[in-house]
Amino acid sequence: MKASELASVLGGSLEGEDVELVACGGLEEARPGDLSFCKDPKHVRLVESTKASAVLLPRDWSHGAPCSIIRVDDPNHACMAAAKMFAPPEPVRAPGVHPSAIVDPSAKLGEGVHVGPFTVIEKGAVIADGAVIEAQVFIGEGCRVGRHTHIYPQVTLREGTIVGADCIIHCGVRLGGDGYGFNNGRREDGSVFIEKIPQLGIVEIGDGVEIGSNTTVDRARIGRTYIGPMTKIDSLVQIGHNVKVKGYSGLIAQSGIAGSTEIGYGCLIWAQAGISGHIKIADGVQVGPQAGVPQTLDGSVKYVIGAPAESMKEFGARMLLPKMVAKLKAEVKELKAQMAAVEGAK
Amino acid sequence: MKASELASVLGGSLEGEDVELVACGGLEEARPGDLSFCKDPKHVRLVESTKASAVLLPRDWSHGAPCSIIRVDDPNHACMAAAKMFAPPEPVRAPGVHPSAIVDPSAKLGEGVHVGPFTVIEKGAVIADGAVIEAQVFIGEGCRVGRHTHIYPQVTLREGTIVGADCIIHCGVRLGGDGYGFNNGRREDGSVFIEKIPQLGIVEIGDGVEIGSNTTVDRARIGRTYIGPMTKIDSLVQIGHNVKVKGYSGLIAQSGIAGSTEIGYGCLIWAQAGISGHIKIADGVQVGPQAGVPQTLDGSVKYVIGAPAESMKEFGARMLLPKMVAKLKAEVKELKAQMAAVEGAK
Amino acid sequence: MKASELASVLGGSLEGEDVELVACGGLEEARPGDLSFCKDPKHVRLVESTKASAVLLPRDWSHGAPCSIIRVDDPNHACMAAAKMFAPPEPVRAPGVHPSAIVDPSAKLGEGVHVGPFTVIEKGAVIADGAVIEAQVFIGEGCRVGRHTHIYPQVTLREGTIVGADCIIHCGVRLGGDGYGFNNGRREDGSVFIEKIPQLGIVEIGDGVEIGSNTTVDRARIGRTYIGPMTKIDSLVQIGHNVKVKGYSGLIAQSGIAGSTEIGYGCLIWAQAGISGHIKIADGVQVGPQAGVPQTLDGSVKYVIGAPAESMKEFGARMLLPKMVAKLKAEVKELKAQMAAVEGAK
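Chains as they are written, first to last, in our numbering: chain G, 1430 to 1775; chain V, 1430 to 1775; chain P, 1430 to 1775.
Hints were generated in silico from the structure; no laboratory data involved. Everything numeric in this text was worked out from a predicted model, so none of it was measured. There may be inaccurate statements among the hints.
Any copy, or any two copies together, can satisfy a pair, since identical chains are not distinguished.
What the hints assert, rightly or not - Below, simulated DSSO-like cross-link-like pairs (lysine-lysine); rule was C-alpha separation at most 30 Å, straight line:
#1 LYS1758 to LYS1709
#2 LYS1675 to LYS1709
#3 LYS1756 to LYS1468
#4 LYS1513 to LYS1625
#5 LYS1742 to LYS1709
#6 LYS1625 to LYS1709
#7 LYS1709 to LYS1731
Take these sequences, add in the hints, and give me the full structure.
What follows is the structure, given as structure tokens:
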């Protein structure tokens, strides 16, 4: 898209060459062909060194730029608008079942459902109106997928999985895999046995949930593993069997929740954090990145960090230990010298 | 299923409304339509507040319940039996190759093998009697899959991978991907090079192994990456090239084992733990959650925790440091005051 | 392969039985049928206890072996050569599109491209000369794949993803999934909202990049998430939206890079490390295993470790704290006793 065309759409004015623009990018990451933006003169140096071909600037910008300038009222806002124009067009997933898909005759598909190539939908599954099931998806027996839910390629839903309405399930997500459960011990003859505990429950996902790429949610031992409404899960997260996430929570990348744990409403579990099994995290609690939570958090502390997790105050004190110990060491040395003097004086 | 019908099957007696029941659930997580259970009067409060439609209770329960009651001899046992009835029926994977599957003519399929839709089995692969290969699986050239092994949808076995008998391989597992290995340095002209080291070995999985969703096991540089019999691996675990897990061990979710490390018999590697490469973990050792093990554990300590991993006693002492330092600080302050007094008295 | 045949190929001399050999393995892991190797007499005990059927040894080895011996000039080198002979033959991916693949008529395939069974290539995608796209891959609208890039089975490239030349993308990799981004707050009526921020950018992968199994790289919010040339990424790594990895870096298994962070040239991010969002890691910096990096590393420290990450010196001091505190405790106890004596003497 020509810079002039873009300026016109954005209600801005172009200064400099009418360059061809193909993408948006931050001032530092931008390359020739990119449009960048700057709102605040304090970033003038980044503007001066940008490799963008054009930059969106405020109307009253007085510092110039090493490329074409498009002056607008609000550079941030204009950049988002431009980004939408540069974005790869969202693929149209028109209603209909691709001829290569294998849909069991007993499965029920609502109005306007899209089913992509090489997708398998097994018997008794129910796909509600407007749902999009992309290519190479596996939907097992008796699964239910809610209205307008979007399932990206190569997702698997094992038998009995329930997904609510308006969910987004990204590539490679695994719902309903067996939970990890084994009985083991020794037989009378001394030999060891390890026996699988049947995982008889299901996974149930509430409305408005988003689940990131390659995340796994295990089916319950009995009953259900439950991800409540509006929960937003990032990539590569692991949710154990019988976990209950009440809803409106965020679980960031590579975090893990062990079996039978309950996460309250409005919690935020940061990246790579781990939460033990059979405990509860109270509503609104945040668990910091890489934290390890071994026991129930009752909400008296709103943010925990460290492994085992503690309050920011406790964690901060722990971080300061080397300094405190060094100071104590010096003080003790001084005291010993004084003591020697006192004793020598006797 | 009607509560009366369930009571009859379980040899119990129904009190209250003959409700329709659809699932099992713990007292706290149960919803209308659910059957719950309680064995011990100490949980009477949970019974009183449950939202289950019926609850399994001991014959001599005297506290009532806010819903229908089914009295049985052993509520836990009865609940497991009920759970099996509520469980989504296990899909039948009848012997036969789905017409959409692509099986190379040189591949050998045993008696009673099931091959699901859109599965690819390449040349020279051998699938033993009774194995189930579900939909959308990829089995590369020369792979071998043992008797009665069950491979769930969307698993990939790269060329040469060997899987034993009676294994369960969950959705999205990747066996035989290249190990991570590069040579790098500078050429005579000063330029940097990074060169791939060919990964010429294979992955070999013993009998009775279970591998959780989206777990990855890398092929050996030379020889084999080996997962010994009865090892149970959870979801999202990473096993590096040339790792040897002797057998009868558990590797919990999101743990990682770096290249060429050996895990002994009967070990338990807890969630998110990381084990360095080229070391050994002795038989029976447990590595705690999020622990980091930088060197060989010879078995003199049976449980390690922390990063770098240490014994529970050492870890406990470390956790107590802030308290100990605060106490020392007060004592030193007191000593300094006393010293000042002593010196002042001179 | 017969030991005699192998000896002949390797220019070595066989002593002992002309055994059949099927694989290579280290001295300790080798099993009957394996060929092992030893260069240095200091490992003579491992040779004595190996279960290999034959072992490659230096010409002047004088300690014997419990199996057949093949004497060669350089046992390590000979073993690599043997490993190549034992390796499962690399599958041939001949030029051509498998008849079951679904390739949009508007997609452009270069010379000699291989497209495997059940692969989907959507409209406008461009696959350059010599690229190999294996089975069950999904390549979304407008994606570009460079020359001689090899994409293994069951990879997904969401719309607009760009992959350079000579890349290797392993099974289950997800490129271009939506980044994690939500606005949330309370409406005037007090109700909570969580709103998806459109992820309008793309993922761009440079030349010579290798990405391990089940790794995920999120598309940018705007602009691009960028993985620079020759970057080598291991399995189960998570790369957030708008991350920029300049190039020639390594990211080891299960590490994670949060959104908008920049990784310099020649960095090494070890396993399970986590790097916060919106920061920079200077060229050549190494982040140790399980380290957590909360803020920019300017390169003044070349290796960081711990969480929060610090220098090896600081980390080492922290590790020594329990010993230092125990020593201080003893010294303070002694001082208190001395002080009591001094005061008692008054």
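Comparing the hints with the structure gives:
no.	hint	result
1	LYS1758 to LYS1709	neither (41 Å within a copy, 36 Å between copies)
2	LYS1675 to LYS1709	within (11 Å within a copy, 36 Å between copies)
3	LYS1756 to LYS1468	neither (47 Å within a copy, 52 Å between copies)
4	LYS1513 to LYS1625	between (50 Å within a copy, 15 Å between copies)
5	LYS1742 to LYS1709	both (22 Å within a copy, 27 Å between copies)
6	LYS1625 to LYS1709	both (26 Å within a copy, 27 Å between copies)
7	LYS1709 to LYS1731	both (14 Å within a copy, 29 Å between copies)
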